[in-house]
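J.: Take the sequence shown: its letter number 71 is residue 70 in numbering that gives the first Met the number 0, and every next letter is one higher.
Take the hints with a grain of salt, since some may be wrong.
As the list claims (entries may be wrong) - Cβ-Cβ distance ranges computed for the label pairs, FRET-style:
{"hint": "1", "residue 1": "F43", "residue 2": "P17", "range": "20 to 26 Å"}
{"hint": "2", "residue 1": "V56", "residue 2": "A20", "range": "18 to 24 Å"}
{"hint": "3", "residue 1": "P131", "residue 2": "V56", "range": "18 to 24 Å"}
{"hint": "4", "residue 1": "D118", "residue 2": "P82", "range": "39 to 45 Å"}
{"hint": "5", "residue 1": "T121", "residue 2": "R145", "range": "34 to 40 Å"}
{"hint": "6", "residue 1": "F43", "residue 2": "G153", "range": "44 to 50 Å"}
These are calculated hints, taken from the structure and not from any lab test. The beta carbon of each residue, even a glycine, is placed where N, CA and C say it ideally should be.
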Amino acid sequence: MTRTTDRPATPAPAARAPAGALRTAGRLALGAALVFAGSSHLTFARQEFQAQVPAWVPVDDDAVVLASGVVEIGLGAALAAAPRRFRAPVGWLAALFFVAIFPGNLSHYATQTDAFGLDTDTKRLVRLPFQPLLVAWALWSTGAWRSWRAARAGR
Numbered sequence: 000m001t002r003t004t005d006r007p008a009t010p011a012p013a014a015r016a017p018a019g020a021l022r023t024a025g026r027l028a029l030g031a032a033l034v035f036a037g038s039s040h041l042t043f044a045r046q047e048f049q050a051q052v053p054a055w056v057p058v059d060d061d062a063v064v065l066a067s068g069v070v071e072i073g074l075g076a077a078l079a080a081a082p083r084r085f086r087a088p089v090g091w092l093a094a095l096f097f098v099a100i101f102p103g104n105l106s107h108y109a110t111q112t113d114a115f116g117l118d119t120d121t122k123r124l125v126r127l128p129f130q131p132l133l134v135a136w137a138l139w140s141t142g143a144w145r146s147w148r149a150a151r152a153g154r
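Using the sequences and the hints given, assemble the complete structure.
T.: Structure follows, in structure tokens:
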């Protein structure tokens with residue numbers, strides 16, 4: 000007797016392995032990029048990051064750069080080393096961080112601030128769509144988006 004269900008068949012673990020390996024590589028790469036970026040906030044690129052802090056931020060530019068550098072290092076380390084059960088929450092935190100710093104990127108474009116080789120309006124404009132891609136990367140590579148969808152489907 001054949002049993003029918005509304006749920007699709009679950010693929011065999013071997014069929015999921017390539018996607019899992021790609022997700023892991025993406026998570027580790029994003030973590031490494033964040034640790035590097037955070038370290039650069041604290042060292043060799045500190046002044047360039049200070050130039051990007053919008054004038055409307057009511058905190059000392061250097062304090063913003065140092066704090067964001069520490070946060071980036073922490074997020075990068077968490078992306079790389081968090082146990083599986085914490086990966087989705089870390090992914091959401093990384094995504095929220097990328098959203099939080101996006102106004103700075105918009106200000107960088109609007110005020111025509113030169114930094115990191117972004118010395119034309121075209122270059123600064125081309126940079127803007129990459130921030131939403133970082134949000135998506137954080138959510139995808141940690142399984143955060145998939146976990147959220149699964150939780151909503153289970154309601």
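J.: It remains to establish, for every hint, whether it holds in the given structure.
T.: Taking the hints in turn, this is what the structure says about them:
Range check, F43 to P17: Cβ separation about 37 Å, and the 20 to 26 Å hint is violated. Separated by about 40 Å at the C-beta atoms, V56 and A20 break the suggested range of 18 to 24 Å. Checked against the hint of 18 to 24 Å, the C-beta distance between P131 and V56 comes to roughly 21 Å, which is consistent with it. A hinted range of 39 to 45 Å for the beta carbons of D118 and P82 is consistent with their spacing of about 43 Å.
Separation of T121 from R145 is about 36 Å and conforms to the stated range, judged on CB atoms against 34 to 40 Å. For the pair F43 and G153, the supplied restraint of 44 to 50 Å holds, since their beta-carbon distance comes to about 47 Å.
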